[in-house]
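Trainee: Given next are the chains, with one letter for each unit.
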Amino acid sequence: MSAAPVLFDEEFRKRLERLTLLSRRVLAQSLVGEHRSRHRTFAAEFADYRSYTQGDDFRHIDWNIYARMESVFVRLSEANQDLTVHLLVDASASMDWGDPAKFFYARRAAAAFGYMALNRFDNLVVMPFSDRLMPPFGPTRGRGRVLGLLDFLTELQPGTETNIDTILQQYSLRTRRRGDLMVLISDLLPPNGYQTGLRALIERGWQIVLVHLLDPSELDPTLRGDLELVDLETADRLPLTPMTAIVDRYRQLVIEWCEEAETFCRRRGIDYLRVQTTQPFETMVLGFMEQRGLVE
Amino acid sequence: MSFLQPLALGLLALLPIIVLLHMLRVRRLQVRIPSTYFWAKALRDIRDQPKLRRPPVTMLLVLQLLIATLAALALARPMVYGVLAGGDFQASHTMVLVDASASMQATDVTPSRFASARAQADAVLAGLDPGASVTLVRMGVTPKILYAGDDLGLARNALASAEPGGGFANVREAFRLANSLVKPGIRNRIVVVSDLALSADNSDLRNLGQLPAQVDFISVGSAAPNRAVTLVAARALPGSTSRYQLLARVGNFSADSVSPTVRVLADGLQVETRQVRINPGAQLDLRWDLPPGASRAEVRITGDDVLPADDTAQLGLPTQASRRLVLVSEKPDVLRRALAAIPGAEVQVVNPKSYQPDSGAAVTVFDNFLPEVYPQGALLIVNPPRDNQLFPSEGDSSNTALSRVQTNSRILDAVDLSSVTISQARRVKLPQWANEVIGAEAGPLLFEGIFRNTPLAVMPFNLNESNLPSRVGFPILISNLINHLAPEGLPQVTDPGQPVVLRTGPQIGTVTIQKPGGGAERFPGGSAIVFANTEEAGRYLISEAPASGGAARERSFAVNAGSDTESDLRTPREPRLSAAAPGQIAAGPPRGREIWPMLALLALGFLVIEWWVAHR
Numbered sequence: 001m002s003a004a005p006v007l008f009d010e011e012f013r014k015r016l017e018r019l020t021l022l023s024r025r026v027l028a029q030s031l032v033g034e035h036r037s038r039h040r041t042f043a044a045e046f047a048d049y050r051s052y053t054q055g056d057d058f059r060h061i062d063w064n065i066y067a068r069m070e071s072v073f074v075r076l077s078e079a080n081q082d083l084t085v086h087l088l089v090d091a092s093a094s095m096d097w098g099d100p101a102k103f104f105y106a107r108r109a110a111a112a113f114g115y116m117a118l119n120r121f122d123n124l125v126v127m128p129f130s131d132r133l134m135p136p137f138g139p140t141r142g143r144g145r146v147l148g149l150l151d152f153l154t155e156l157q158p159g160t161e162t163n164i165d166t167i168l169q170q171y172s173l174r175t176r177r178r179g180d181l182m183v184l185i186s187d188l189l190p191p192n193g194y195q196t197g198l199r200a201l202i203e204r205g206w207q208i209v210l211v212h213l214l215d216p217s218e219l220d221p222t223l224r225g226d227l228e229l230v231d232l233e234t235a236d237r238l239p240l241t242p243m244t245a246i247v248d249r250y251r252q253l254v255i256e257w258c259e260e261a262e263t264f265c266r267r268r269g270i271d272y273l274r275v276q277t278t279q280p281f282e283t284m285v286l287g288f289m290e291q292r293g294l295v296e
Numbered sequence: 001m002s003f004l005q006p007l008a009l010g011l012l013a014l015l016p017i018i019v020l021l022h023m024l025r026v027r028r029l030q031v032r033i034p035s036t037y038f039w040a041k042a043l044r045d046i047r048d049q050p051k052l053r054r055p056p057v058t059m060l061l062v063l064q065l066l067i068a069t070l071a072a073l074a075l076a077r078p079m080v081y082g083v084l085a086g087g088d089f090q091a092s093h094t095m096v097l098v099d100a101s102a103s104m105q106a107t108d109v110t111p112s113r114f115a116s117a118r119a120q121a122d123a124v125l126a127g128l129d130p131g132a133s134v135t136l137v138r139m140g141v142t143p144k145i146l147y148a149g150d151d152l153g154l155a156r157n158a159l160a161s162a163e164p165g166g167g168f169a170n171v172r173e174a175f176r177l178a179n180s181l182v183k184p185g186i187r188n189r190i191v192v193v194s195d196l197a198l199s200a201d202n203s204d205l206r207n208l209g210q211l212p213a214q215v216d217f218i219s220v221g222s223a224a225p226n227r228a229v230t231l232v233a234a235r236a237l238p239g240s241t242s243r244y245q246l247l248a249r250v251g252n253f254s255a256d257s258v259s260p261t262v263r264v265l266a267d268g269l270q271v272e273t274r275q276v277r278i279n280p281g282a283q284l285d286l287r288w289d290l291p292p293g294a295s296r297a298e299v300r301i302t303g304d305d306v307l308p309a310d311d312t313a314q315l316g317l318p319t320q321a322s323r324r325l326v327l328v329s330e331k332p333d334v335l336r337r338a339l340a341a342i343p344g345a346e347v348q349v350v351n352p353k354s355y356q357p358d359s360g361a362a363v364t365v366f367d368n369f370l371p372e373v374y375p376q377g378a379l380l381i382v383n384p385p386r387d388n389q390l391f392p393s394e395g396d397s398s399n400t401a402l403s404r405v406q407t408n409s410r411i412l413d414a415v416d417l418s419s420v421t422i423s424q425a426r427r428v429k430l431p432q433w434a435n436e437v438i439g440a441e442a443g444p445l446l447f448e449g450i451f452r453n454t455p456l457a458v459m460p461f462n463l464n465e466s467n468l469p470s471r472v473g474f475p476i477l478i479s480n481l482i483n484h485l486a487p488e489g490l491p492q493v494t495d496p497g498q499p500v501v502l503r504t505g506p507q508i509g510t511v512t513i514q515k516p517g518g519g520a521e522r523f524p525g526g527s528a529i530v531f532a533n534t535e536e537a538g539r540y541l542i543s544e545a546p547a548s549g550g551a552a553r554e555r556s557f558a559v560n561a562g563s564d565t566e567s568d569l570r571t572p573r574e575p576r577l578s579a580a581a582p583g584q585i586a587a588g589p590p591r592g593r594e595i596w597p598m599l600a601l602l603a604l605g606f607l608v609i610e611w612w613v614a615h616r
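Protein chains in written order, with this note's numbering: chain A, 1 to 296; chain B, 1 to 616.
Simulated from the structure, these hints should not be mistaken for laboratory data.
One or more of the hints may lead you astray.
[Said to hold, decoys possible] Where chain B lies over chain A, by a calculated footprint (3+ residues, C-beta under 8 Å):
| no. | stretch |
| --- | --- |
| 1 | 116-126 |
| 2 | 226-234 |
[As the list claims (entries may be wrong)] Interface residues of chain B toward chain A, partial, derived using beta-carbon atoms under 10 Å:
| no. | residue |
| --- | --- |
| 3 | V26 |
| 4 | R32 |
| 5 | T36 |
| 6 | Y37 |
| 7 | K41 |
| 8 | E610 |
Here the structure is a predicted model, which means the values were calculated and not measured.
Note that beta-carbon positions come from the ideal geometry of N, C-alpha and C, so glycine has one too.
The shape of chain A in the complex, shown without the other chains:
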């Protein structure tokens, strides 16, 4: 269930600021000494140095030189590419379930990622999708676009069913930049509909982070009595009396599916984060950073 009015309240923005500061500090520490990201967030080819001027992306500052010479210089890359962070937010019907709804959490997570990207002057695109790709936010950069990002996410509404394979394949054809970062926030439902799409993105050189979002009740259901289950996306109906054996088997199937997704991602260099909606989004973001090797 979406709760637009309180999606990004004052408390949430404060938490976002704190997270951003924390991530900056983490980033800074990780670049000192021997800590290097396993995943390059910047262009890789170095060409020359120049003095730092206001407005330069401080990610390009060479801190080694500063340590030695106490002067701030920025590295200039040969290609000097602008990397774009693509946030794909699953807005299908299955996301609009739970308390809080997964869609609510997904938008907050997207806000967090987007906020950090805008603070780092990354190019940001937020692409919601359900049965098709919906009108995006961006591409844009800079802190001045934060409010616009939050407004966009606030007004976002869940759609109908989705086919993640189709969506990802479509998206992979739209953008030809190699090395761009995609953060896919989805519950991956219906299952078995994402692997082909992810392969297509990897083949095109994307860096992918998969935030697999689930409600605790999906992992450990508490259904009782004589029920008729209705699929939110397909509207399929299933009469069911969830006796113990069936519930145990369901749990087993869901865990196997999650593990299968994790294994698939790990084998292909995709960062996989399994997140439950009861988990604070800060934890999720820090987990992301740990995953990326930005923090031990």
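Starting from the structure of chain A, add chain B where the hints point.
Mentor: For chain B alone, kept in the frame of chain A given last:
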């Protein structure tokens, strides 16, 4: 509690149907979830969804069962009694009538039909609520109340000490008695425990009207073959006053021929043994000449059957002494001839105009005349005047076709009434003290009894308006009547339950009567003694002790168990009653209370709750 419409309880058959519907048609709660994919897969893997499930104990099922139960109970119109009805604790009255006739001694049921009946009656008593009102009646020739009250322990004790007798079960009188004992305002029930070995007329009780009580019959025994001595009689041989010819009738109440051996004893000594053959369902008359001077005779069928009591019959042989009979009639010819034919009878004819009470006559016969002062001795009244006070008449009637004939009565022994017609008779109501012997739609045509200690018989019609005097049976009938009213000495044989009149002289001080099964009763001598405790079959010994001392005079009479009705164990016959309403409350202040409105209201309340639960 009772139900006025018990058939409505059949609606309770809906309860298992409701449960079955709930088992088959499951109400499922709709739940929206992100994906049914894994649930469907789990279901396929487990395959554990049986079509027929255990009954789901849901609020809806419980409510629907409650509603159906309450509706069925309400439609059955339950009635509560006693404390629940706001009345006192005594809510019902049960009358148990136990058949104590001779046939109940049959052993086709172990140990006997009567023992089985006693056990059945005991079970009825044991099943009553503590404090319930109960009346226990022994149904013999004269129905007798063994217990009336509300102590079931005492009632059961009284039942335990009851014994069968040698006569028939007077069902008519027993039901009259029960009817008179019905308690108003509460539920009455009559339970009859019997082998239902009844004669056709004894079983038709429809003229008793509708009984305000539920009537239940518990049958004991089954169809069983039997042989019996159903009749014994003795007649003086022609020209002799001390020699008698013995007549015995032996019946075969079975589907097969039998060849019993019949033994005859006189004064305990064997006279003859004869083997006879009797066809199925037939009766055979046998005759023997008894030795001179014999005072009693006995007939025995040897061999065993289920009712030994009727395999033996006894009788006392009469002493031949003259009896003075007085006939008061203006036209005495018809009666005079019949009276004169009686052996030992001395007949005196008196004109009514000159009648004076005669205390020396054994029997006084009044024909179309009744005096103001009656004589001592027995009376035979023929055609009483219309305006007499003794038997008020409601006029004359020509509905005189004989419809009721007491074939068991000794008065009708050897009397053929089949061609008897009576053109007109007085319409007289049967007095309470009397027993009807012959009756028609107009009323009784011959009745007898003891009235103010006087043996009395009445024929309320003019003999000249009947062909009876011309029938062969007429003198036999008159002879039987005279012998019945004024038996000389003792009767040859008495029917079980029939009173015996003993005439003792003023010199007799004490009369002791010893009963066949033991026990004795004492009476003061010097007057007529009416001894009615004759239900036991066997020989009754009479000892008359002189007031001045000296040896007592010993006499005896016999009561025999065998009869056409009691000995025939083949076909039970349930009494026919007027339609009785089971559970009907006798007229009076109502004690029961119907509770269907409360049940209906409860059902309605649950219905409202059920509607709310179903639609929420």
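Trainee: Quick check: which numbered hints come out false for this structure?
Mentor: Those not satisfied are hints 1, 8.
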